[in-house]
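Protein sequences, first through last, are from chains A and B.
Residue numbers for the first sequence follow the numbering used here, beginning at 337 and rising by one.
Residue numbers for the second sequence follow the numbering used here, beginning at 4 and rising by one.
Treat the hints with care, since some could be wrong.
[Unchecked claim] Just the calculated beta-carbon pair ranges, DEER-fashion:
1. B/P84 / A/L531: 38 to 44 Å
2. B/G231 / A/V463: 28 to 34 Å
3. B/F102 / A/P397: 21 to 27 Å
4. A/L504 / B/V20: 41 to 47 Å
5. B/A128 / A/V463: 47 to 53 Å
6. B/L80 / A/L519: 27 to 33 Å
7. B/V246 / A/S509: 50 to 56 Å
8. A/L503 / B/V121: 28 to 34 Å
9. B/L122 / A/R551: 38 to 44 Å
10. A/L504 / B/A128: 39 to 45 Å
11. B/A128 / A/L503: 52 to 58 Å
12. A/A555 / B/F257: 52 to 58 Å
13. B/A128 / A/C496: 24 to 30 Å
14. B/L167 / A/D507: 28 to 34 Å
No lab work stands behind these hints, which were simulated from the structure alone.
Owing to the predicted nature of the structure, the values given are computational and were not obtained by experimental measurement.
Idealized CB from N, CA, C, for every residue including glycine.
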Amino acid sequence: MHIPDGYLSPSTCAVLYGAATPFWYSAFARVKRLLNTRLVPLLAVSSAFSFVIMMFNVPLPGGTTGHAVGVGAATVVLGPWASMLSLSIALLIQALFFGDGGITTLGANCFNMAIVGSLIAHLVYRVVAGTTALTSLRRMVAAALAGYAAINASAMVAACELGIQPLLFKDASGAPLYAPYSLHVAVPAMMIGHLTLAGLAELFVSGGVVAYLERTNPALLSPSSSGGMDKTAQESPSRSGWGLAAPLWIRLALLMLLTPLGILAAGTAWGEWSVRDFSSPEMRQKIQSASGDVAPPAHEPQGLERLSSLWSAPFPQYAPPFVRQPAFGYVMSAIFGSGLILGIFLLMGWVFSGPGDAATKGSP
Amino acid sequence: MSAKSRGMVERSLSSFVGALEHAFAAEELAKKKGLLQKLDPRVKIVAILPLILIAALARELRVIALLFALAVALALLSRVPLGTLAKRVWLAALTFTGFISVPALFLTPGRAIYSVPVLGWTVTAQGVRTALYLVMRAETAATFSVLVVLSTPWGNLLKALRVLQLPTVLVVILGMTYRYIFLLLRTAHDMFESRKSRMVGKLGSRELRRVATASAGVLMSKTLQLSGDVYLAMRSRGFRGEVYVLDEFRTGWFDWVMLPLFTAIAGLAFWFGR
Numbered sequence: 337m338h339i340p341d342g343y344l345s346p347s348t349c350a351v352l353y354g355a356a357t358p359f360w361y362s363a364f365a366r367v368k369r370l371l372n373t374r375l376v377p378l379l380a381v382s383s384a385f386s387f388v389i390m391m392f393n394v395p396l397p398g399g400t401t402g403h404a405v406g407v408g409a410a411t412v413v414l415g416p417w418a419s420m421l422s423l424s425i426a427l428l429i430q431a432l433f434f435g436d437g438g439i440t441t442l443g444a445n446c447f448n449m450a451i452v453g454s455l456i457a458h459l460v461y462r463v464v465a466g467t468t469a470l471t472s473l474r475r476m477v478a479a480a481l482a483g484y485a486a487i488n489a490s491a492m493v494a495a496c497e498l499g500i501q502p503l504l505f506k507d508a509s510g511a512p513l514y515a516p517y518s519l520h521v522a523v524p525a526m527m528i529g530h531l532t533l534a535g536l537a538e539l540f541v542s543g544g545v546v547a548y549l550e551r552t553n554p555a556l557l558s559p560s561s562s563g564g565m566d567k568t569a570q571e572s573p574s575r576s577g578w579g580l581a582a583p584l585w586i587r588l589a590l591l592m593l594l595t596p597l598g599i600l601a602a603g604t605a606w607g608e609w610s611v612r613d614f615s616s617p618e619m620r621q622k623i624q625s626a627s628g629d630v631a632p633p634a635h636e637p638q639g640l641e642r643l644s645s646l647w648s649a650p651f652p653q654y655a656p657p658f659v660r661q662p663a664f665g666y667v668m669s670a671i672f673g674s675g676l677i678l679g680i681f682l683l684m685g686w687v688f689s690g691p692g693d694a695a696t697k698g699s700p
Numbered sequence: 004m005s006a007k008s009r010g011m012v013e014r015s016l017s018s019f020v021g022a023l024e025h026a027f028a029a030e031e032l033a034k035k036k037g038l039l040q041k042l043d044p045r046v047k048i049v050a051i052l053p054l055i056l057i058a059a060l061a062r063e064l065r066v067i068a069l070l071f072a073l074a075v076a077l078a079l080l081s082r083v084p085l086g087t088l089a090k091r092v093w094l095a096a097l098t099f100t101g102f103i104s105v106p107a108l109f110l111t112p113g114r115a116i117y118s119v120p121v122l123g124w125t126v127t128a129q130g131v132r133t134a135l136y137l138v139m140r141a142e143t144a145a146t147f148s149v150l151v152v153l154s155t156p157w158g159n160l161l162k163a164l165r166v167l168q169l170p171t172v173l174v175v176i177l178g179m180t181y182r183y184i185f186l187l188l189r190t191a192h193d194m195f196e197s198r199k200s201r202m203v204g205k206l207g208s209r210e211l212r213r214v215a216t217a218s219a220g221v222l223m224s225k226t227l228q229l230s231g232d233v234y235l236a237m238r239s240r241g242f243r244g245e246v247y248v249l250d251e252f253r254t255g256w257f258d259w260v261m262l263p264l265f266t267a268i269a270g271l272a273f274w275f276g277r
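Turn these sequences into a full structure, and let the hints guide you.
Right under this line is the structure:
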């Protein structure tokens, strides 16, 4: 699944570097807060472990063997944040020195395997393991499923990235410039291999490592452990997550205030037309000029007309109906939208932090 | 010992040995006196990275082919044997990407240029172009990045990444990761070899899987133990969380001649490859 150079367009690579950066930043801040001065040795050695584990040959049913990324095992033992950093560092060294995965596509590979993989593994492990004891069979099954789900989610994201390339990037003759297969070929081609062989390798490594640790060193499976992380967590300054994210809050507020900038933009947001726009001569002109002088259809598309009545947004066109000043409406919409997203994440944090605390208490 | 059990253990062993050999071969090549070896590692990164990016950006097959020719010329001037490149990079990339791009010859819609006699499948001009784009981009980018890696001691290359504004702490972690990879590779190698020396009976697939995953578990326990030991060793030598990197690189006249030259080549390739 290590995407080499040349398979993704540089713009896709830039977007995925951009998508990975906030996760790296946030993961680094969280792990540093937890580990304090232990950060450097723990990340260095666990990254080296992630690198070496990718070389293990795992026998699979049917006489074949496969390699695992180790994302399930790393997430269960190190936690999702340290896991995504360790895997990213291992992927960087693989790309640089061993030519596994490209340099331009490193952001994509880290996003798919390290970030999506770690988050999905964490989610599945927490949901399936619940509040069971650290040595229970259910935890082993949870780890195995976490590894399987994580590697398949990573493969799915990678397949989508590859599958959109021929739709977006073609040369003058119509030949795709990068990965040539569209979604209906790329998705099954990637998923068949991962739902079977690669997924099984990950399932066995995650489940096997957790089963081994359950027998020999169950303390490592405690959510607050990670090789003695708990002690240093007490030593570290007691700065809360909210305080630590202060620079992000300031930037978010600034971005909200800047949202009315969109009013200044001339023209129309391509592809975001409403049914009414197709009947307005002025808008038809704008659509035509924004679409390379291709005239829009004479009548509004029937599907669009039918579906547009299904859902009426509470803030149509980003402005609440009771607000007459568009700039104020934009800011209000930004505050409401951001608040809704933050609310969902706070709720998720509250839901998922519950079982973890209980599991810690229940550890032997 | 059964053929199957020998396969699993020895394949893992050969992966570990292969990684070590790869690193040692690179250290040897980095010591040779060639063009790229003479460049400051920071200059090398700033000079070669744009070429990799432009090989990915270019919409002209000829420009990508010229960039590939430049990479081959750089290899010759840096005394990197073409046989090593062919074996390690070109063949590997051609096998992988070539295999992936073959169906594109037939699946890409476009002007038919050839029909396979018995099967009746049609090769399109667009299919050939897209397969060439994929293979040539992958080969060119891989050759450039391997040249940088083969002409620079790896520790220096990691330090030089600071030129890309990577935080110092990350550069320190990367350097340590690189060192501990060798220790853990050695540990994993010893674990598998000692297991191999004790295997006399026939192990089934399930048993072999247990051996592999338990070895991974042992390695994980050892890793976390090691991180604690390393931390204590660092603390005892005065480590308080701040990290520093010695800035030992010096640029010379040769760097300042080559950097504009590489930048000019990158600029021209960007212009003609638009």
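Range hint 52 to 58 Å (beta carbons of A/A555 and B/F257) holds or violated
56 Å, holds
message = If I claimed the Cβ atoms of B/F102 and A/P397 lie 21 to 27 Å apart, would that claim hold in this structure?
response = 25 Å, holds
Worksheet item: When you take the CB atoms of A/L504 and B/A128, is the distance between them in 39 to 45 Å?
Response: Since the Cβ atoms of A/L504 and B/A128 sit about 21 Å apart, the hinted range of 39 to 45 Å is violated.
Q) Do the Cβ positions of B/P84 and A/L531 conform to the proposed distance bound of 38 to 44 Å? A) Distance hint for B/P84, A/L531 holds at roughly 42 Å.
Could you check the hint for me, namely that A/L503 and B/V121 are 28 to 34 Å apart, CB to CB?
33 Å, holds
For the hint 24 to 30 Å, verify it against the beta carbon of B/A128 and that of A/C496. 28 Å, holds
Mind checking the hinted window 47 to 53 Å against the Cβ distance between B/A128 and A/V463? Given a distance of about 51 Å, which is inside 47 to 53 Å, the answer is holds.
* For the range 28 to 34 Å, tell me whether the beta carbons of B/G231 and A/V463 fit it or not. => The hint (28 to 34 Å, Cβ to Cβ) holds, given that B/G231 and A/V463 are roughly 31 Å apart.
(message) The hint says 28 to 34 Å between B/L167 and A/D507; measuring C-beta to C-beta, is that right?
(response) At 30 Å between Cβs, range holds.
Query raised in the report: Taking 50 to 56 Å as the hint, is the beta-carbon distance of B/V246 and A/S509 inside that range?
Result: Since B/V246 and A/S509 have Cβ atoms about 52 Å apart, the given range 50 to 56 Å holds.
Can you let me know if the beta-carbon spacing of B/L122 and A/R551 is within 38 to 44 Å?
About 55 Å separates the Cβ atoms of B/L122 and A/R551, which means 38 to 44 Å is violated.
Checklist entry - Taking the beta carbons of A/L504 and B/V20, is their distance inside 41 to 47 Å? => result Holds, at about 42 Å.
Hint compliance for this structure: hints 6, 9, 10 and 11 are not met, and every other hint is.
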